[in-house]
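J.: In order, the protein sequences belong to chains A and B. Position one of the first sequence corresponds to residue 1 (the numbering used here), numbered consecutively onward. Position one of the second sequence corresponds to residue 1001 (the numbering used here), numbered consecutively onward.
Worth flagging that the hints you see were computed from the coordinates, not collected in a lab. The beta-carbon is built from N, C-alpha and C at its ideal position, and this holds for glycine as well. Incorrect hints may have been included.
In silico EDC-like cross-links for lysine to aspartate or glutamate, where the CA-CA straight-line distance does not exceed 20 Å [claimed, not checked]:
no.	chain 1	residue 1	chain 2	residue 2
1	B	1042	A	119
2	B	1065	B	1095
3	B	1101	B	1067
4	A	334	B	1067
5	B	1156	B	1140
6	B	1158	B	1127
7	B	1156	B	1049
8	B	1041	A	229
9	B	1101	B	1020
10	B	1158	B	1097
11	B	1051	A	31
12	B	1040	A	40
13	A	334	B	1097
14	B	1042	A	40
15	B	1040	A	275
Chain A is faced by these chain B residues, among others (derived, beta-carbon under 8 Å) [as the list claims (entries may be wrong)]:
no.	residue
16	1030
17	1034
18	1037
19	1117
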Amino acid sequence: MLEAGFIIKALIILALFGVTLLIATYSTYAERKVAAFLQDRLGPNRAGPWGLLQPIADAGKMFFKEDFIPAQASKWLFIAGPCLSMLTALMASAVIPFGDSVKYATKEKLWTIPVQAIDVNIGVLYIFGVVSLGVYGLMVGGWASNNKFSLLGAIRAASQNISYEISMGLSIIAILMMTGSLSMSEIVNQQHGGNWNIFYQPLGFIIFITCAFAECNRTPFDLPECETELIGGYHTEYSSMKLGFYLFSEYINMFVSSAVISSLYFGGFNYPGMDWVHAQLTNLMGAIAGHNVATLIGTAVLFGKIFFFIFFYMWVRWTLPRFRYDQLMNLGWKGLIPLAMLNIVVTGAAILFLKPLLTALLK
Amino acid sequence: MQPLTNRSKQVSHKEMTLAERAYLPAIITGLGITISHFFKKKVTIQYPEQKRYLGPVFRGQHVLKRDEEGRERCTACGLCAVACPAEAISMVAEEREKGEKHLYREEKYAAVYEINMLRCIFCGLCEEACPKQAIYLRHDLFVPVFTERDHVIYGKDKLVENMNDRYLRAAWTKEEALEQDIKDITPQPRIQL
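With the rest of the complex left out, here is chain A (with noise of 0.2 Å):
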């Protein structure tokens, strides 16, 4: 016999794919939508209400487009790298914390299933993983479609994400100090309320903002595919669905990225005043189904400040114009790099010096 809690586990991680799919769908209704009403538009809105079949007409005329595969391509390579792109992208948000945690009483037992695919002690560092991996989804693509095009835009892609991610992983390095865990449900934990990092490191949030917008490779760092440069980079050759997964594998990494700036930086599920609405609620509907409430309503938060990161996505990608590939290096390389070790140092003495003082002067 299937336990409860199982079910009910699988059925949390059921939904937060589904829901990651959904969310990175209309995220490209929502870029569409964002982008033309910053230059005072309408955008798409022929479609459905206000335009909201348009992904799903995208999606469409996305199937029935002839799937070309160029002669000279590598085939298997060519076919392998819009799905390691989208595996990739797939795989990060299984650490994320999408909330609390739901309780269930059977008979036997009370179940408390935290809404978190895996809760394992290196979350951290399994998304850098990952994150990491998904340039070989670029790099196999622009390799095996033997254009020249598509192979300077998987080198700028792969060049431009190793850069970004020394930064990125310098930046999280202070994160993980004050925290002293790699795991993603201890971070997120430890910022209860409106304790958020965000005050802490209002520095390192910078660094790793721009860092992730250099590993979505979303403007002003799309160099790989930059089409005044190269076409269309390193998905030049590409048609049809395989093009299809490349971009929707990019809105996925915006979707995730954006959930992990959420969880480090702004506290993930907390929110202030979430002890009192806990309290209240448990009151009110019992402890079990008021939990469950409360949990809900975290969730709901979260999700509130991805949306707010992913329209800051768009945003920015209306606002600042693309890097040049030299800029984009000096950025990375010389100004990026030692801002994060400068901000480790910082931290690390803050930690030292200001902790015990403070703790000692509260007492």
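Given the structure of chain A, go ahead and fit chain B onto it with the hints provided.
T.: Below, chain B without anything else, positioned relative to chain A:
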């Protein structure tokens, strides 16, 4: 050197300040500008549902005018057909019979008058060539989209003016139109389906 316009600016190569080199203040200003556009009124005109006034001399569908007594003005001289750069106009002339004086103003008239709307480029040269002020391109009516081949050629049935719904042009310039009445400038062009 004397500047040609007063828009030119002196370029300076002074060292950037720390705030300028940090990008962030400039980025935040830029984000402020773009988000202000997010809430601005959109300029889009949603065409098939919304139409804007195209001006008093917009060249839309042709009309073969009648005079005040309802007689056709056209005398089938063929100057419009000659003037037409797209060779869209063709006609067959006929002599007016006795008892047709109330129908045709001149002694000769166009028994058949056809405009091929696929050829027509709406240049308005027929209008300029016409010595009898018989053909005009009306400002308030589009030629609708064709769905059938035999809808393309417009004969007299579609072109000759209807006396119950005469085509009158109140203004000949935008200024005139504005002067007369502000309401007159904003009628929606009628679309015939």
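J.: Could you tell me which of the hints above the structure violates, numbers in ascending order?
T.: 1, 4, 7, 8, 9, 10, 11, 13, 15 and 19
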